[in-house]
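Q: Residue numbers (our numbering), protein chains in the order written: chain Z, 1 to 592; chain L, 1 to 263; chain D, 1 to 227.
No wet-lab data here; the hints were simulated from the structure.
Virtual Cβ for every residue (Gly too), placed ideally from N, Cα, C.
Among the hints, a few may not be true.
To be verified - Here are some chain L residues the structure puts well away from chain D; computed CB gaps all over 10 angstroms:
1) K130
2) A208
3) P257
As the list claims (entries may be wrong) - Think about it this way: if two alpha-carbon atoms lie no more than 20 angstroms apart in a straight line, the pair counts; the simulated EDC-like pairs of lysine to aspartate or glutamate are:
4) L:K72 with D:D63
5) Z:K152 with L:E239
6) L:K161 with L:E172
7) D:K94 with L:E33
8) L:K113 with L:E239
9) Z:K580 with Z:D568
10) D:K154 with Z:E350
11) L:K72 with D:E160
12) Z:K532 with Z:D548
13) Z:K152 with L:E33
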Amino acid sequence: MTTVDTSKSGGAHGGHGGHGHHGSYLEPRSSFLATIWDWATTVDHKKIGVMYLFAVLFLFFVAGVLALMVRTELLTPVRFVDGKVVGQELFSLFYPGEEATSVNKGNTVYNRIFTLHGAIMVFMVIVPSIPSSLGNFFLPLMIGAKDVAFPKLNLLSWYIYVIGSLFGIAAITQGGVETGWTFYTPYSSNTDFGQVTLMVLAAFILGFSSILTGLNFVVTVHKLRAPGMGWFDMPLFVWATYATAIIQVLATPVIGITLLLLCLERVFKIGIFDPALGGDPVLYQHFFWFYSHPVVYVMILPGMGIISDVLAVQSRKHIFGYKAIAFSSLGIAAVSFLVWGHHMFTSMGEIASVVFSGLTFLVAIPTAVKVFNWISTLYKGTIALNTPMLYVLIFLFLFSIGGLTGLPLATMSTDMHLHDTYFVVAHFHYVMMGGTIMALMAGLHHWWPKMFGRMYNEFGGMVGAILVFVGFNVTFFTQFFLGTQGMPRRYASYVTEFQTLHQISTVGSFILLLGFLVHLFVFIHSLMAGAKAPKNPWGGLTLEWVADSPPETHNFPHEPLVKNGPYDFESTVPPHWDPKDYPLENAGAHKH
Amino acid sequence: MSTVNSTHEHQSSGGGVPYKKYKHAHHWRSQSEEFDAVKLGFWLFLATEVLLFGGIFCAYAIFRMMHPEAWKEGSSALDWRWGGLNTVVLLLSSYTMAASIFAVQTGQFARAKRNLLITLFCGCLFVAIKMTFEYIPKWSGFFFILDPSLATYKAAAVEGKTAFMGLFQYVEGYGGKRPGELFTHPFAKDPNVPMWWSVYYSGTALHALHVIIGMILIARVYIKLGKGHYGPTYYSGVEIAGLYWHLVDLIWIFLFPLLYLIH
Amino acid sequence: MAHAPAKQFDELDPHGAAGHGQHASHVIVGPFTLRTVLALLLFFTVLTVGQAQLEVFLSHALDIEFPRWVNIVFCMGIAVVKALLVMGYFMQLKYDNPINSVVMAFTFLGLGLFLGFTALDLGGRGSVYEWKVNYQVPGGTKNTIDNAKKDFAKDRSIQEVDRIRAIIKHEHHEDHVVTSSPQRSRGKTGLSGALDAAAQDAHSHDTHGTPDTHDAKPEPAATPAAH
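Only chain Z is shown next, with the shape it has when bound in the complex (with noise of 0.2 angstroms):
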């Protein structure tokens, strides 16, 4: 017996309802080019998300390569033997056949090298992967309703985005940029190379995609949720995602002032961010930091979303403490606000980094409240370990770690030793990477079957995630070591007695490419032979488990009606599932 209403209900159709089967939304138009206008005119959200996956993973393999070259110039400090330069290996990549006299050139390669890493990967892969990939598809559907509130706005969203990309590939063919992701002045504003502005103006674009999906996600959650869906009867996914679109949508005009400032400063010299002409620079960094702070959390809040719709379906069981998770996501999202200046310990005064010191272990609260309530969902769970539990377990593992080493971070003290080294490159990395990333893998391997009807290959699955696990850990829990020894971050050599380690670190970090390429592979065949899959391979409650793997063009044959909580396992047969092969007596064991 399914608890989840679609069948007619008596006669009450209103002027929208009665649509019947249309075929999924993968489905192909009539000829190649109309397939290809259909889906550049589209406004329908699942191709919206489907683009936004597909450019994201292509952005994050670009990002990725640049992470390898970079480690492939640490392999070796750089020194000067004989009165040449040895050690530069991106020298040797981008000016074959030249002899290096002098490191600049090398140095300059290097800077351009870890500023577009970073900047591609914040601004283009990260921020938009999860919410704008899989919330985007999944959101409407979650919550029982046909569309997004603004699908037109949806669709500005992506072409936004796509020209913001374009703008940061010019940069990047136009000589690229050295200042750090982070374009602090005067370094930025003042001197004469590469293309600072082309950059920060794709920054500024690509801001404004972040803010419509945002907005177009806050109304959606706010209006568009079907009959008997209630505010605590949405899967957790929802309110993350609700969380990181508030979020979204008052920071990022923060950044937008600052990078039009910051290019009005290079362009013009106006002096807002130049002593010389009675500006601060340290202005800038509060200005930038306000809206980059809260977009960690913008990063990381869908990513926990994920992990609570996962674990729940892949343990079987309720969710524990369903409104605490709830309530955190809103907490997290509140309090990232206040803490900005973390970022900035060793250029503020004592008395505002005290008070965000303090507050930056407020923020450490919400986030542990979710990590232990997660854990708890796992105690006697019936947990699936297939490639989706791996990853959330894989998750727990690293973003814990993470977690716990910002709080070094966060104390003053120890920041002054910690600052600008390698240990702040783990700790951001252990937390986007080994929090966003290995949620948007666990997301992806979870939800595959209800995007694309395909199965993909579970064990194929279980070797990327092994792979990308050891790969991870190698590359990054040396770079711990390295920054408690004081290696500083963006330099492009170092003192001796660091290589081994840096060494340890490039050798992890093939493995993680190693990894992807599995999961690559894995995705490639199962789109073109996978198995098919059936509409609720898992076992899950929620609405998006009730439309067909693919879904239909309208989601949903008829407006849902919400009967069951989200996370009811022990009381309900999951849709499309036999209740033979369900028998709810034995799902009564944890009863609470």
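Using the hints provided, position chains L and D relative to the given structure of chain Z.
A: Chains L and D only, in chain Z's frame:
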């Protein structure tokens, strides 16, 4: 069908009035829900605009804290009468915008169009006053010949040095009030005064840009109103343009005292 | 225990097809209200301009100086009132779904946080160490490293440590006093190292007793061997 064109179905059955046949997008249950959602969405967008200007206000506050003498000198160079006139112009335009919404809601189309035109005219007047009487004299030293404050600078007016077909008269030692490195006014007393001008120009220029965007939105509404797209049963577009215009007014309500009145 | 979702739909008409769902506020704000609000706005504009000009007049003609905050509070207060009038009546927040007002309230709160914390930092630099106050002078202060060293040496905490060192030396008759010091754990290379050394030199020459040679010598740290 979910392509770009499918949400707004106009029945072109022989000269029907579009607003009467407006069909809400298919994913909404009713038109009133759609209207509510559109409003919420636009308020969220207005929130982003407020935060955008927030950066400028923050820069103002911080630099005022750091360079109070420069701020005193800089704001004394601004004429509160032009700022006040601009304020009155914008407030009036806000009123006429709200009045035009009222007119559309009650089906008085001629009145609505008239009010929209007045709003547009006020917007143009705002930009014109700003350019002619504030930006151009301060930047270059050229006063409009009908400018009342030209009388006070009669002594410094350079005879014969005019520009733009004699419409602008050059006054010695007044111009050069430019942002940052471009500052060339020779009589500045405080060395940080160029910062004042940076904040002034970036704030007011960004605001003027939004005035122009608002005018474009209103012009679009005016044209669509003429074609009968809006009426008592469907007027979201007018409402949206109105909200944007009121935001522009709101920002000026804060910019005016900060720049012109606080000394 | 099964979770029963909130009864948010009418059992007899679950999809709202009969059209009795939530209604938007099709409130029509009449011309009387609009004109009243306009009149109020113009009045407040006159009031705020009047206050500012009155202050200027009084300070020039009668030499009466008001404290600076009066002007700011008055102007900003009136601006807030005008803003509330525009938002409430022209933008119809008063008649709308309260969620719209919540959005604006949070926006202004965020703005306030931004301003407040930034001012806390950039305005509060001198609270602990006076010499950390912003010295942005266009064209530079022509301050040299020696002046910086002298400023650093005037640092209260260094004076305090030296005072205690002197006491220990005299009272406990120790020639070599090792005290913990925040400067000790900082890097001894570069500017902070040189400043530290200079400060130690300056003070050990000023105070009685032999200079602490152990603290005065900066330890050579491993320098990166890059070019």
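Q: Does each hint hold? Answer for all of them.
A: So, going through the hints one by one against the coordinates:
Non-interface call for K130 of chain L relative to chain D: holds, since the shortest CB-CB distance, roughly 17 angstroms, exceeds 10 angstroms. With a closest Cβ-Cβ approach of about 19 angstroms to chain D, A208 of chain L is found to remain outside the 10 angstroms limit, as its non-interface label requires. For P257 of chain L, the shortest C-beta to C-beta distance to chain D comes to about 4 angstroms, within the 10 angstroms cut-off, and the non-interface label is violated. Taking the CA atoms of K72 of chain L and D63 of chain D, the gap is about 17 angstroms. The hint holds against a cut of 20 angstroms.
At roughly 19 angstroms between alpha-carbon atoms, K152 of chain Z and E239 of chain L fall within 20 angstroms of each other, so this suggested pair holds. At most 20 angstroms may separate the alpha-carbon atoms for a hinted pair to count; K161 of chain L and E172 of chain L meet this at roughly 10 angstroms. Taking the CA atoms of K94 of chain D and E33 of chain L, the gap is about 19 angstroms. The hint holds against a cut of 20 angstroms. Our distance criterion of 20 angstroms between C-alpha atoms is met by K113 of chain L and E239 of chain L, whose separation comes to about 14 angstroms.
Between K580 of chain Z and D568 of chain Z the alpha-carbon distance is near 18 angstroms, which keeps this suggested pair within the 20 angstroms criterion. A distance of roughly 18 angstroms separates the Cα atoms of K154 of chain D and E350 of chain Z; the hinted pair therefore holds under the 20 angstroms criterion. Annotation: proposed proximity of K72 of chain L to E160 of chain D is violated, straight-line Cα distance about 41 angstroms (limit 20 angstroms). For the hint pairing K532 of chain Z with D548 of chain Z, the CA-to-CA distance comes to about 12 angstroms; that is within 20 angstroms, so the pair holds.
Taking the CA atoms of K152 of chain Z and E33 of chain L, the gap is near 17 angstroms; set against the 20 angstroms cutoff, the hint holds.
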